[in-house]
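S.K.: Read off the chains here:
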Amino acid sequence: MVYGAAGAGIRAMTSSSSPGVSLKQEGISYIACARIPCVVVNIMRAGPGLGGILPAQGDYFQATKGGGHGDYHLIVLAPSTAQEACDFTYRAFDLADKYRVPAMILADGMIGQIMEPVELPPMRDLKDIPEKPWATSGHYGKERRILNSLIIKPEELEPHVNELQRTYDEIYANERKAECYKTEDAEIVLTAYGTIARICKSVVDELRMQGVKAGCIRPITLYPFPDDAYAKCAAGAAKAFLSVELSLGQMVEDVKLAVNGKKPVYFYGRTGGNVPEEAEIIEAAKSAIRKAEAAK
Amino acid sequence: MIRILLAGQGGQGVLSAGKFLAESGLHEGKEVTYLPAYGPEMRGGTANCSVIISEHPIASPLCNTPDVLIAMNGPSFHKFAPRVRSGGIIIVNGSVSDCYAGRDDVRICDVAAGDIALEAGDVRSANMVMLGAFIALTGAVKERSIFNCLNEKFVGKPHVLDCNRAAFEAGVAAVKK
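Residue numbers (my numbering), protein chains in the order written: chain E, 193 to 488; chain U, 327 to 503.
These are calculated hints, taken from the structure and not from any lab test.
Among the clues, some could well be false.
To be verified - Distance condition first, Cα-Cα at most 25 Å in a straight line; then the derived SDA-like pairs of lysine to any residue:
id	chain 1	residue 1	chain 2	residue 2
1	U	405	E	276
2	U	345	E	278
3	E	374	U	327
4	U	345	E	276
5	E	374	U	383
6	U	345	E	465
7	U	345	E	469
Taking the hints into account, I'd like the entire structure generated from these sequences.
M.R.: As structure tokens, then:
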């Protein structure tokens, strides 16, 4: 339905939590190939399998590395507050329209259930949305338009996939976004997305009270991954990085690629719907510093 | 900043009491978060929610070591009492729970919320008795803000509104005694 509605030029979205999003993957791949902008929201369950409804982040690979088949990417945004959940929905549609790619909002159960004050953005007139010259919105004397995800001739498919890749390169160049919290002089750089990043901010404040120079990088876009923020820290005061996730180590792979071997990268994760307490993360951060110093 | 954990059995109004509290803070222009944790069932099962009210933006919405625990029944009292910050407050529904927490570094306030609510008109407003006791003890939000929320929530249901107001006021009186 999203494929059809968005293909007709309407802003369309769908949402689910992990297993439902797995079922949508075939369609998402088709939508990516046909270059139809739309938004998919995934409030992750603790999995694999049917999984629990408590907070988890086990779908990072699925969201950022494909999920469906073929050479494609989604723009993936990770809100960490109710306000961002609201703002990023607008933003996801704008980005999807701009680049003609599907966008995903990837959040955990805490974002799904939390209530916080939200300032709603001003209502927009739908007429202000730029026209979509490709949309199959009825003939009305216009030229014939076709949206297609079946390109079977090799000499036609390769240029199409290359064109998609050029778009992803452009997205990478323009849209990487992260929030850096007290990272300028940080020796231990925590990194986390979604609500875990909020816990990490509290941890950073606590560690600084204890005299440990800590900071936190919170990726706002998971694809494209904000590797520039990590590279900057890796070239600076950072002695070690610690990726904190509600998984057994998924985003940490992108962190390692971004840090590119310049500094050690460690990992702390919980699964099954359990959320780490601040004290656990503080201990993990201190342990990461000890390991980095011993490895020197 | 005050971190409050409200806990009890599903159906005891734990989540709605937390929502009233958070909304009252919101109406006073404070930063608030409300994070519920419950199973898929409507009644029975356990329910709890974390509410934080702060003058400054709130980082972590979790209440692992709450300043105040509002426990609506025995199991949640015993489960969460050890987590309360030293020097914090525990308000426990004495109608259905004992009040021995095995520690003396917190203030334990025994409020017979079930009985008081019954006297006020409806046992289902025991959550409001507890909320009244909480406001009287901490002043975290103004009584008037809670009444505004109640008025908004129970518009067109004057009987329910009166009953909840009476229960709230009885809760305030119970700890002022």
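S.K.: Give a verdict on every hint.
M.R.: Hint by hint, here is what the structure shows:
A threshold of 25 Å between alpha carbons decides the hint, and for residue 405/U with residue 276/E the separation of about 33 Å lies outside it, so the pair is violated. Distance restraint check for residue 345/U and residue 278/E: the Cα-Cα separation of roughly 20 Å lies within the 25 Å cut-off, and the hinted pair is therefore satisfied. The straight-line distance between the Cα atoms of residue 374/E and residue 327/U is roughly 22 Å, inside the 25 Å bound, and the hint therefore holds. About 21 Å separates the Cα atoms of residue 345/U and residue 276/E, which keeps this hinted pair within 25 Å; it holds.
Distance hint between residue 374/E and residue 383/U is fulfilled; the C-alpha atoms sit about 16 Å from each other, no more than 25 Å. Pair hint residue 345/U plus residue 465/E holds up; C-alpha atoms about 23 Å apart against a cutoff of 25 Å. With a C-alpha separation of about 24 Å, the suggested pair residue 345/U and residue 469/E falls inside the 25 Å cut-off, and the hint holds.
Hint violations for this structure: number 1 only, all remaining hints satisfied.
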